[in-house]
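Engineer: Work out the full structure: start from the sequences and follow the hints.
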Amino acid sequence: MTTVVGRGGRAAPVAGPQVKRILALLLLAAGPVLVLGVLFVLPVSGMLAEGFVVDGRFSPGAVLDVLARPRVRRVAWFTVWTSGVATLLAVALGLPAAYALHRLALPGRSAVRAALLVPFVLPTVVVGVAFRQLLGEGGPLGVLRLDGTPVAIVCGLVFFNVAVVVRTVGVAWESLDPRPGQAAAALGATPWQVLRTVTLPALRPAIVGAASIVFLFCATAFGIVLTLGGVRYATVETEIYLLTTTVFDLQAAAALSVLQIVVVVALLALAARLRATPDPTTQRAVSPVRAVRRSDAPVVVATLLVLAAMALPILTLVLGSLSVGDGWGLDNYRALTTAGDDQALLVPVTTALVTSLRTAVDATWMALLVGVSVSLIVTRRSHSVAERRVRSTLDGFFMLPLGVSAVTLGFGFLITLDQPPLDLRDSPLLVPMAQALVALPLVVRTLAPMLGGIDDRQRQAAASLGASPWRTLLTVDLPVVWKPLLAAGGFAFAASLGEFGATSFLARDTDPTLPVVIFRLIGHPGEMNYGMALAASVVLALATAVVVLAVERLRVPGVGAF
Amino acid sequence: MLQIDDVTVRYGDNAAVDHVSLDLAPGQVLAVLGPSGCGKSTLLRAIAGLEPITSGSISWDGADLSGVATHRRGFALMFQDGQLFAHLTVARNVAYALRLRRTPSARVAERVRELLDLVGLAGYDDRLPGTLSGGERQRVALARALAVEPRLILLDEPLSALDASLRERLAGELREILHAAGTTALLVTHDHEEAFALADGLAVMRAGRVVQQGAIDEVWREPVDEDTALFLGYARVLRDEAARRVLDAAALPPAHAVALRRSALVVDDAGPLRAVVESARVTPDVVRLVVGVEGVGTVDAVAPLGARVALGDEVSLRVDVTRLAVPPITAAP
Numbered sequence: 046m047t048t049v050v051g052r053g054g055r056a057a058p059v060a061g062p063q064v065k066r067i068l069a070l071l072l073l074a075a076g077p078v079l080v081l082g083v084l085f086v087l088p089v090s091g092m093l094a095e096g097f098v099v100d101g102r103f104s105p106g107a108v109l110d111v112l113a114r115p116r117v118r119r120v121a122w123f124t125v126w127t128s129g130v131a132t133l134l135a136v137a138l139g140l141p142a143a144y145a146l147h148r149l150a151l152p153g154r155s156a157v158r159a160a161l162l163v164p165f166v167l168p169t170v171v172v173g174v175a176f177r178q179l180l181g182e183g184g185p186l187g188v189l190r191l192d193g194t195p196v197a198i199v200c201g202l203v204f205f206n207v208a209v210v211v212r213t214v215g216v217a218w219e220s221l222d223p224r225p226g227q228a229a230a231a232l233g234a235t236p237w238q239v240l241r242t243v244t245l246p247a248l249r250p251a252i253v254g255a256a257s258i259v260f261l262f263c264a265t266a267f268g269i270v271l272t273l274g275g276v277r278y279a280t281v282e283t284e285i286y287l288l289t290t291t292v293f294d295l296q297a298a299a300a301l302s303v304l305q306i307v308v309v310v311a312l313l314a315l316a317a318r319l320r321a322t323p324d325p326t327t328q329r330a331v332s333p334v335r336a337v338r339r340s341d342a343p344v345v346v347a348t349l350l351v352l353a354a355m356a357l358p359i360l361t362l363v364l365g366s367l368s369v370g371d372g373w374g375l376d377n378y379r380a381l382t383t384a385g386d387d388q389a390l391l392v393p394v395t396t397a398l399v400t401s402l403r404t405a406v407d408a409t410w411m412a413l414l415v416g417v418s419v420s421l422i423v424t425r426r427s428h429s430v431a432e433r434r435v436r437s438t439l440d441g442f443f444m445l446p447l448g449v450s451a452v453t454l455g456f457g458f459l460i461t462l463d464q465p466p467l468d469l470r471d472s473p474l475l476v477p478m479a480q481a482l483v484a485l486p487l488v489v490r491t492l493a494p495m496l497g498g499i500d501d502r503q504r505q506a507a508a509s510l511g512a513s514p515w516r517t518l519l520t521v522d523l524p525v526v527w528k529p530l531l532a533a534g535g536f537a538f539a540a541s542l543g544e545f546g547a548t549s550f551l552a553r554d555t556d557p558t559l560p561v562v563i564f565r566l567i568g569h570p571g572e573m574n575y576g577m578a579l580a581a582s583v584v585l586a587l588a589t590a591v592v593v594l595a596v597e598r599l600r601v602p603g604v605g606a607f
Numbered sequence: 005m006l007q008i009d010d011v012t013v014r015y016g017d018n019a020a021v022d023h024v025s026l027d028l029a030p031g032q033v034l035a036v037l038g039p040s041g042c043g044k045s046t047l048l049r050a051i052a053g054l055e056p057i058t059s060g061s062i063s064w065d066g067a068d069l070s071g072v073a074t075h076r077r078g079f080a081l082m083f084q085d086g087q088l089f090a091h092l093t094v095a096r097n098v099a100y101a102l103r104l105r106r107t108p109s110a111r112v113a114e115r116v117r118e119l120l121d122l123v124g125l126a127g128y129d130d131r132l133p134g135t136l137s138g139g140e141r142q143r144v145a146l147a148r149a150l151a152v153e154p155r156l157i158l159l160d161e162p163l164s165a166l167d168a169s170l171r172e173r174l175a176g177e178l179r180e181i182l183h184a185a186g187t188t189a190l191l192v193t194h195d196h197e198e199a200f201a202l203a204d205g206l207a208v209m210r211a212g213r214v215v216q217q218g219a220i221d222e223v224w225r226e227p228v229d230e231d232t233a234l235f236l237g238y239a240r241v242l243r244d245e246a247a248r249r250v251l252d253a254a255a256l257p258p259a260h261a262v263a264l265r266r267s268a269l270v271v272d273d274a275g276p277l278r279a280v281v282e283s284a285r286v287t288p289d290v291v292r293l294v295v296g297v298e299g300v301g302t303v304d305a306v307a308p309l310g311a312r313v314a315l316g317d318e319v320s321l322r323v324d325v326t327r328l329a330v331p332p333i334t335a336a337p
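Chains as they are written, first to last, in this note's numbering: chain C, 46 to 607; chain V, 5 to 337.
It cannot be assumed that every hint is accurate.
Stated by the list, open to error - The following residues of chain C were derived to be distant from chain V, with all beta-carbon distances above 12 Å: (1) G76; (2) S104; (3) A107; (4) A389; (5) L467; (6) D554; (7) R600.
Unchecked claim - If you want a taste of the chain V side facing chain C, the calculated C-beta under 7 Å gives, among others: (8) A52; (9) H75; (10) L81; (11) H91; (12) Y100; (13) A101; (14) L104.
Honestly, the hints are just simulated from the structure, not real lab data. Beta carbons: idealized from backbone N, C-alpha and C, even for Gly.
Structural biologist: So this is what it looks like as structure tokens:
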């Protein structure tokens, strides 16, 4: 299906081969575009219409009024500054770790690199619970009185995103050609001067790219802010949630959604510009790691501190789940087969776990199906400026779900997909579909660089040796892509296991997923409910960790890097 | 001066550089010539301080350099592909080392102008490396390396990334620039043409060892063994009886082996050797022949342009003694 594009142009008569190529490309893109149109654009615009259209008339004035409200301004400012501070911290903490874990021959570094991937996909609700356990009264860091403060939120955001920085910058750093640095050293530059004048300029695209993605993740974070900030400290994302579910002020919610989408699209465009496109004619070289020297001590110590800080919340969570009364035991885990104290839940937690796994399987195949076709479309070499423009527009379009509020998406699903011919409200596939959309950018970001890294001349060589388009795909693309494909699948699976934003809207009370159940449990009073929440969080964390560690074993370069 | 004394560089069990000793006098340009994988680049990197040495010592003017970091050695290294800093303009690249030393900016500007003049790139100051051709990039890299008047410049196959015609032109320029600047230089290459174009001393390296070193014409005239002869551009090495016949025809004393250039045998009616032409090819300078010589076997020969030689013809050959070499050691076949 892919080489249709490659062939159309050459076989066509001189009159408008380029037009033909673009038409073929658009035809190919029709499937994924339709899927994204119905499942993403329609819900999101439905949600926006709620705000913009009052009594059947288009009145944007009201939306603008909303943006002038003091609370909205406060929420927007809070979002910007917490995200900004968290981004700076994540970059500052991530850079030394990226260097230590990707350039130095530290013992156990591949295990640590694998472990660092876990926080990134850890369900937000789980991290929220872990931080509350860590910072709350009676917690190991309770004396700092940080529970419920913006500091706690920033810490939570940093926890998630350090891994993104380490991954993205680390991968760039390890494929950095060491020779310019050596040339600089031969010209008399000290190691520090080499870092400042050669290495950092070369890494700038990766650093700025990682920072913009991290800012994006922070600004649209939902579960972590909701669990740690409650009503008092709201970001744009949680405010949209409160406005739609509690206050029913759809206009204000829509206004905030618009604001968010505008900012997100701008940031994504920036990130895409900065993302270095791999040159398909050069092999990606990984330079060998270097033995640790005494002068590396500060970097190594900084890395160890970051790792310890990352392990602390998880450790507290595990210990908390095992503590029963004054002693230790598995009571909290045994209680997972029940529906909690005071009938906090409608179904036992174990049932929710099964629901979660089933949903994640469905979400995974959907995300892979769409993600593979999208990746194939956006990575084929363009033969004309117009074609390249079409491809990059499509690329940007498919990345949109990365930044659009999952809450907006979830609510949009509810209000637009509820009547024939698109009545999906009772469909068991509704939740998987939403989760697949959330996971789609992860799949594309894992697959596209791999496909883009294949030298197109390889395909041409195969074709010239008589391979059919299908055969070319098998001999050239598949061997490169099967591992990334598995990795992307695992990633999508883990992401949908922990998805909370959209799911919290869409999951029916009788059929909740594990993150939804955890959130409900911490909202219900009762020591047993809280213990169950801790235990369920550990189970969920374990499930995602297993999947992610399996993905890491595939050793796909660039997984989790943006 | 640079002294390399019994240096070994090991990767695990494998010695990339095996007990190598070399001396380099001030102002000299020494080429280390060897096939790829012979350890010559490792040696260069060891001298630059980029590769730790396993044993032996590298010293400059008697001062041992072990433990001296690359940036403190004062040796400029020029990579095969230049390794210009892509984010800096030509002028900034050339000025890089000067700026590191906080040279006053007026002096920097002056020096950059001087150097760009020297390498023939005046006016290229504000160009970015990406907009330059391969040869221009190499010349900028050279100017950058020369900027702080390094006590030694290390060149890693400086011309091999370039196409043939450019290589020839730049080789001449590079030699002139190095001599004009009076810089001591060590160059590694696998291309004997490049070595001859640039260097005045030659060290031949094979499998981690230096097998022969000396003045370039000396090494050229008297390759130490058969492999060296072949690597230096000799076309064939004859042994035993065949060697004896050829040397006899040249009125030279007999030896185990003789290495012949392609032009060592010349068609000459008065020549002592009889041969049958097996192929003939016209080149701009001479007619190149492959001939079968009785008792010798198949060898190369040349005839003057315009000579009428055809396939199957019987010809007489004389031996040009300046075009052969007698290796003192005969390597096992």
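Engineer: Now tell me, hint by hint, if it's right for this structure.
Structural biologist: Here is how each hint holds up against the structure:
Even its closest Cβ contact with chain V, about 39 Å, leaves G76/C beyond 12 Å, as expected for a residue assigned away from the interface. The claim that S104/C lies off the interface holds: its Cβ sits roughly 50 Å from the closest Cβ of chain V, which is beyond the 12 Å cut-off. Every beta carbon of chain V lies more than 12 Å from that of A107/C, the smallest distance being close to 49 Å; the non-interface claim holds. Separation of A389/C from chain V is adequate, the least Cβ-Cβ distance of about 58 Å exceeding the 12 Å criterion.
With a minimum CB-CB distance of about 51 Å to chain V, L467/C clears the 12 Å threshold, and the non-interface call stands. The claim that D554/C is not at the interface with chain V holds, since no C-beta of that chain comes within 12 Å of its own (minimum 57 Å). The claim that R600/C is not at the interface with chain V holds, since no C-beta of that chain comes within 12 Å of its own (minimum 23 Å). Among the interface hints, the one on A52/V holds; its C-beta lies about 6 Å from the nearest C-beta in chain C, closer than the 7 Å criterion.
Evaluation of the H75/V hint against chain C yields a held restraint, the C-beta minimum of about 5 Å falling below 7 Å. With 7 Å as the threshold, the beta carbon of L81/V comes within range of chain C, its nearest partner Cβ sitting at about 4 Å, so the hint holds. The closest approach between the C-beta of H91/V and any C-beta of chain C is roughly 5 Å, which is under the 7 Å cut-off, so the hint is satisfied. A distance limit of 7 Å between C-beta atoms decides the matter here; for Y100/V the minimum to chain C is near 6 Å, and the interface restraint holds.
For A101/V, the interface hint holds, the least distance from its beta-carbon to any beta-carbon of chain C being 4 Å, beneath 7 Å. Restraint check, L104/V versus chain C: the minimum CB separation of about 5 Å is within 7 Å; hint holds.
The structure fails none of the hints (numbered hints given earlier).
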